[in-house]
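Student: Given only the sequences and the hints, what does the whole structure look like? Please build it.
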Amino acid sequence: MPNSKQTLVVVGNGMVGHRFLELMVEKGGCDRWNLITFCEEPRVAYDRVNLSQYYVDKTAADLTLVEPGFYQDNDIQIYIGDQVIEIDREQQVVRSANGAEVAYDRLVLATGSYPFVPPIKGNDATGTFVYRTIEDLEAIKAYGEQSRVGVVVGGGLLGLECANALKSLGLETHVVEFAPRLMPVQIDEAGGAILKEKIEALGVQVHTSKVTTNIVSENGKLVSMQFADETSLQTDMIVFSAGIRPRDELARTCGLQIGKHGGIVINESCQTSDPTIYAIGECALYQGRIFGLVAPGYHMAAVASDCLLDVAAAQQFTGADMSTKLKLLGVDVASFGDNFAKTPGAKELVITDTVAGTYKKLVVNAEGSLLLGGILIGDASAYGTLLPLVQNQITLSANPLSLLVPTSGVTNSLSVENLPDTAQICSCNNVSKGQLCEAIREDSLTDMPTLKKCTKAGTGCGGCVPLVKDLLTSELKKAGVEVKNHLCEHFSYSRQELYHLLRVGQIKSFDTLLATYGTGYGCEICKPTVASMLASAWNDHVLNTPHIGLQDTNDAFLANIQKDGTYSVIPRIPGGEITPEKLIVLGQVAQEFDLYTKITGAQRVDLFGARVDQLPLIWRRLVDAGFESGHAYGKALRTVKSCVGSTWCRFGVQDSTSLAIELELRYRGLRSPHKLKSAVSGCTRECAEAQGKDFGIIATENGWNLYVCGNGGMKPQHAVLLAADIDKATLIKYLDRFLVFYIRTADKLERTSTWFNKLEGGLDYLKQVVIEDSLGIADELEAQMQYHVDTYQCEWKATIETPEKVQRFRHFVNADDADPSLAYVQERGQKRPATEAERVVLNQSQALVTPPQY
Amino acid sequence: MVQSLSTTSVNTDTTGWVTICTLDAIAPNTGVNALLGTEQVAIFRIGETDEVYATGNFDPFSQAFVMSRGIVGDRQGVLKVASPIYKQNFNLKTGECMDDATICLPIYPARVVDTQVQVSISCRYDDRMIKPIR
Ligand code: SRM
Ligand SMILES: Cc1cc2nc3c(=O)[nH]c(=O)nc-3n(C[C@H](O)[C@H](O)[C@H](O)COP(=O)(O)OP(=O)(O)OC[C@H]3O[C@@H](n4cnc5c(N)ncnc54)[C@H](O)[C@@H]3O)c2cc1C
Ligand code: SF4
Ligand code: FES
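Going down the list, the protein sequences come from chains A and B. For the first sequence, our numbering gives the first residue as 1, with consecutive numbering after it. For the second sequence, our numbering gives the first residue as 1, with consecutive numbering after it.
Read the hints as simulated data drawn from the structure, not as lab findings. Don't be surprised by glycine CBs; every beta carbon is placed ideally from N, CA and C. The reader is advised that the hints may include incorrect statements.
Label pairs and their calculated CB-CB ranges [stated by the list, open to error]:
1) A/Asn544 - B/Thr94: 29 to 37 Å
2) B/Lys93 - A/Lys508: 29 to 37 Å
3) B/Ala101 - A/Thr446: 27 to 35 Å
4) A/Asn544 - B/Thr19: 49 to 57 Å
Tutor: As structure tokens, then:
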């Protein structure tokens with residue numbers, strides 16, 4: 001009954017506007033409201049908090065906050081790239097720049113804020129920028145490429161983040177701050193001094209107490225800025241990051257109540273002075289305050305959606321905690337609660353370590369029994385445990401100093417278990433301990449990724465992740481769930497443990513491993529897993545007698561089984577490069593054995609419908625023509641895709657094809673916990689899609705960039721940059737280490753992407769192990785790979801040369817007949833398995849004869 | 001079921017036992033497929049012993065004749081074979097599907113006599129078998 005629905009228009013599709021819509025959908029609001037939203041930017045909502053990642057490893061698509069199909073599936077009408085220019089409160093209509101006119105019953109303003117540009121002469125010169133949208137970042141990048149020096153005006157949170165970005169673009173970077181210290185809002189003087197020192201040590205020059213008076217351009221190009229103290233600074237570009245101002249222009253012109261310094265005035269229900277209009281996010285002003293963080297905005301979204309859906313115990317917005325933790329240019333900074341000790345009687349407790357470069361301040365009440373707030377610089381690891389103490393007013397059990405310096409015996413070591421259920425664990429998403437526990441219990445969650453997905457906790461700044469993880473572990477322990485990853489009922493060990501035991505004990509067969517560490521006979525889970533471990537450790541032929549019974553049918557017949565019990569054949573075509581002669585052989589073999597032929601998604605040719613008895617015959621032909629097994633059947637290296645690269649392509653900067661072939665030949669046959677895929681692209685255009693691979697390489701002017709742990713398939717994941725601009729020898733060294741490290745430590749059937757997501761310490765840790773050799777095992781890893789390379793043999797060649805092995809490729813052990821049940825029909829000029837219905841017809845007409853013999 | 005075979009000559013003795021192959025034609029812990037008359041029979045060997053089991057080779061889930069290519073093992077001590085296509089488990093001694101009580105493979109008595117593997121086709125236990133669609 002669409003007519004009975006009322007219309008709700010949301011102006012602004014930023015972080016908060018989108019969250020609001022998500023909540024409306026989640027709470028069943030689509031039954032009551034026609035939802036319509038205006039999105040001024042050329043793309044739907046994205047993660048502005050992580051905007052700077054756009055310069056590191058995220059694309060606009062990675063940053064999106066919108067689940068695919070969200071707007072379509074929920075019937076939400078979205079006007080992308082269209083700005084609302086007028087609110088007509090009389091007629092309850094909004095009008096847009098593109099001429100849309102939409103009547104509303106209720107209106108939500110989520111217009112965010114804009115960067116404040118100080119009124120300095122020349123502030124609109126070419127070469128001046130702000131830092132708010134993806135377009136801003138693109139413009140800065142483009143201009144930065146032709147610049148040498150960049151200045152950020154503003155030394156607050158955002159300014160420092162922006163300085164980091166300029167530095168990453170390779171610019172000589174300066175920060176100019178009006179106040180006498182950096183981050184004046186969050187940090188006191190002593191802390192500011194330490195922060196400045198740290199930041200200057202990183203090569204960013206900091207100028208405090210500087211009032212810019214003039215921005216000078218010559219020939220339409222920015223050249224310098226002048227300060228009130230008559231000094232000046234030469235620069236090619238300036239980015240203003242001097243605070244934000246609420247975007248209240250629409251509200252202002254339609255007569256809503258506006259704060260003295262801007263901002264749309266709201267009440268506890270997020271209603272503006274017109275009760276049919278709500279305001280949420282950075283445009284809203286509550287009790288004279290603007291909240292320039294995403295968490296309060298999300299809270300407002302929750303409040304407004306409650307009100308609009310008449311939720312019984314609707315939440316209220318009564319202000320927000322402005323605590324922050326961030327990593328600025330690699331320096332941890334956190335500021336929380338009453339950071340400046342403004343509470344009457346409050347006392348400060350400061351530890352400054354000039355050697356380590358850390359500053360830690362705690363603010364406690366007069367009695368020293370409650371933590372009120374604090375500042376942490378250089379090491380903010382305590383933030384996660386301190387914040388809940390403040391928020392939940394937990395009585396300190398010992399000297400507050402022990403919070404910073406654990407003294408033996410009595411400590412305040414806050415364990416999550418002691419927190420009340422109401423304690424807020426994730427402030428970005430307002431998730432309490434109680435909600436997390438409930439999710440863990442009710443939905444039987446046992447891993448972090450799912451818990452994060454279900455509760456959203458930890459998906460904002462990430463600061464609460466350690467706490468969430470502790471909570472998960474303690475809840476599981478309480479529930480008696482032992483978080484074990486035993487291989488199966490036959491081995492009370494994980495794959496990683498077994499791999500270790502097998503290598504250390506020089507165990508070379510499943511039976512020995514089972515006798516030593518397992519029970520029973522084994523099964524279809526442990527057998528192939530152990531077979532793969534044996535192969536990657538000792539590289540013995542998979543069809544040798546002790547191993548044959550362990551193999552999955554694909555490995556057992558060195559081909560991929562299909563739905564009708566026949567197999568497909570995929571010879572290796574290294575790098576996707578093939579001579580016409582070889583291509584012709586493939587065609588001839590396909591013709592001769594009547595095989596369905598298809599180009600695969602990984603640059604090679606697949607021949608389908610081969611009967612088990614035909615496999616050795618087909619491979620005889622292929623091996624004679626110089627082909628090798630393509631291992632499409634194994635949990636092993638599949639292909640290293642290539643693009644044509646510099647040999648032919650006008651953009652290529654390196655010979656990607658040669659490298660792809662070399663890598664494919666180096667790692668061919670390598671058995672691993674799951675399949676391994678790779679690609680090499682000749683330039684950043686990335687035609688080989690290297691960033692979607694387990695390991696991918698992209699050519700640069702100076703060498704190669706190595707990406708790892710990407711994935712296509714079910715859950716595509718962008719690979720991460722492990723090393724940049726390295727030469728080929730280094731690349732191979734790192735790859736050897738990376739691959740063997742993965743093989744040793746991954747769980748069964750765990751692709752590199754999932755392995756990486758679970759890797760404690762993430763990319764930093766991986767870099768330490770692979771590049772810095774922090775575990776001291778690099779030589780060993782390289783040697784293991786070299787052993788693999790030296791002992792490689794083509795499994796198919798070895799098989800057809802051994803009569804006992806060929807013997808197994810018969811359909812019947814006691815007859816030469818082929819499988820009589822196979823039936824095919826023609827489609828697009830090739831055969832395909834007959835469907836059930838087609839079989840009936842074929843049967844009746846007796847047309848089905850035993851397939852031809854070879 | 002399509003069976004357009006020239007019936008193979010089988011060595012049947014008077015008791016209905018058919019000799020299929022020598023024991024060492026079956027690698028330890030693997031299966032082979034035998035043609036008996038017009039039927040396909042999967043024969044599995046446990047370890048390096050002469051303990052052998054025979055079931056139908058037809059996989060009722062994938063509708064393909066592939067059971068002999070499954071992995072042999074046990075679940076809680078019960079000997080079983082896993083279909084190589086969709087991995088359902090079947091009790092080697094009873095033919096019952098351990099993942100779906102409505103499905104059952106036919107089973108055949110099997111034994112080793114003087115290193116010869118024999119199967120008796122005369123008493124195929126398939127009264128519990130749910131007929132495959134095909
Ligand atoms: C033949 C092929 C499709 C085609 O016609 O192009 C194919 C076919 C199969 N894929 Fe694939 N995949 C093929 C390319 C891909 C690609 C594209 C690529 O490699 O560039 C992907 C996405 C990239 C990736 O893996 O990151 C792909 C992602 C998958 C996945 C999902 C993996 C994941 O991590 O999400 C599976 C399922 C699995 O492995 O668990 C899968 C599994 C399979 C299996 C093995 C399913 C099965 O058990 O029967 C299919 C049988 C292969 C066969 O019979 O030969 N296939 N598959 C492609 C063979 C490529 C080759 O030359 O080796
Ligand atoms: C670089 C950067 C880093 C940040 N880091 C953090 C951080 O670490 N932690 C944190 O909590 N916060 C951080 N923030 C702040 C955070 O991004 C904001 O608090 C959050 O985006 C506010 O959400 P919003 O929806 O209110 O505003 P926005 O996300 O700005 O969305 C408002 C949207 O409304 C659109 N709009 C405005 N007027 C109209 C109109 N008339 N018609 C149609 N559309 C309109 C705008 O174009 C915009 O897309 C950061 C911000 C930036 C820029
Ligand atoms: S990736 Fe670059 S070098 Fe390779 S084909 Fe594409 S454009 Fe050419
Ligand atoms: S507190 Fe920021 S993600 Fe949880």
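Student: Each hint: holds or not?
Tutor: To see whether the hints hold, each was checked on the structure:
no., hint, verdict
1, A/Asn544 - B/Thr94: 29 to 37 Å, "33 Å, holds"
2, B/Lys93 - A/Lys508: 29 to 37 Å, "32 Å, holds"
3, B/Ala101 - A/Thr446: 27 to 35 Å, "29 Å, holds"
4, A/Asn544 - B/Thr19: 49 to 57 Å, "28 Å, violated"
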